[in-house]
Amino acid sequence: MLEESFLEVYNKFKVEFFRRIFELVKEREGSLTAMEAFSIEIIHALHEPTIGQFADFLNISQSNATYKVNNLIRKGYLQKQNSELDRREYHLVLTDKYYGYTNIMRTYVHTVIGRMEEQFTPQEAAAFAELLNKISDEMMPETDSFNLK
Numbered sequence: 007m008l009e010e011s012f013l014e015v016y017n018k019f020k021v022e023f024f025r026r027i028f029e030l031v032k033e034r035e036g037s038l039t040a041m042e043a044f045s046i047e048i049i050h051a052l053h054e055p056t057i058g059q060f061a062d063f064l065n066i067s068q069s070n071a072t073y074k075v076n077n078l079i080r081k082g083y084l085q086k087q088n089s090e091l092d093r094r095e096y097h098l099v100l101t102d103k104y105y106g107y108t109n110i111m112r113t114y115v116h117t118v119i120g121r122m123e124e125q126f127t128p129q130e131a132a133a134f135a136e137l138l139n140k141i142s143d144e145m146m147p148e149t150d151s152f153n154l155k
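For the sequence shown, the tail end lands on 155 under this note's numbering, and the numbers increase by one without skipping.
Any given hint could turn out to be false.
Claimed, not checked - Straight-line distance between alpha carbons at most 30 Å, and here's what the computed DSS-like set of lysine-lysine pairs gives:
id: 1; residue 1: K20; residue 2: K103
id: 2; residue 1: K20; residue 2: K86
id: 3; residue 1: K140; residue 2: K18
id: 4; residue 1: K20; residue 2: K81
id: 5; residue 1: K103; residue 2: K81
id: 6; residue 1: K86; residue 2: K103
id: 7; residue 1: K18; residue 2: K103
id: 8; residue 1: K140; residue 2: K20
Hints in this document: simulated from the structure, not taken from any laboratory.
Please put together the full structure from these sequences, using the hints given.
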């Protein structure tokens with residue numbers, strides 16, 4: 007029961023996310039492909055990663071990651087920013103074009119949270135938030151090394 011309920015909610019978020027991405031992805035100059043949209047969302051989740059961190063997360067070659075990043079830079083959704091600690095290294099930083107183009111999942115989450123706040127008591131909402139934090143912090147160790155939040 008728990009697994010089915012969790013998968014149902016996860017799948018609804020995922021499908022809505024994909025639907026909105028495909029709504030926004032148009033076949034025109036400068037538009038993101040579906041794979042680029044997924045890549046940029048991963049970069050967003052990784053919080054200004056290096057190309058190496060991006061490649062490691064996706065388990066792809068550095069050259070493949072560089073190709074993806076260069077396309078996103080060329081289209082204006084991403085820029086490179088030198089690291090303050092090591093000037094030879096740079097981080098991938100999202101541009102205003104990215105934020106103007108998409109914050110797809112957050113918009114839908116905001117809608118669902120608004121509905122929850124109408125239906126749940128403040129105590130139920132707080133208990134749910136506590137459970138989500140516990141799941142994120144304690145039950146998903148595979149993502150710990152990537153500092154996802």
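Legend entry - Hint check against the structure, violated hint numbers in rising order: none
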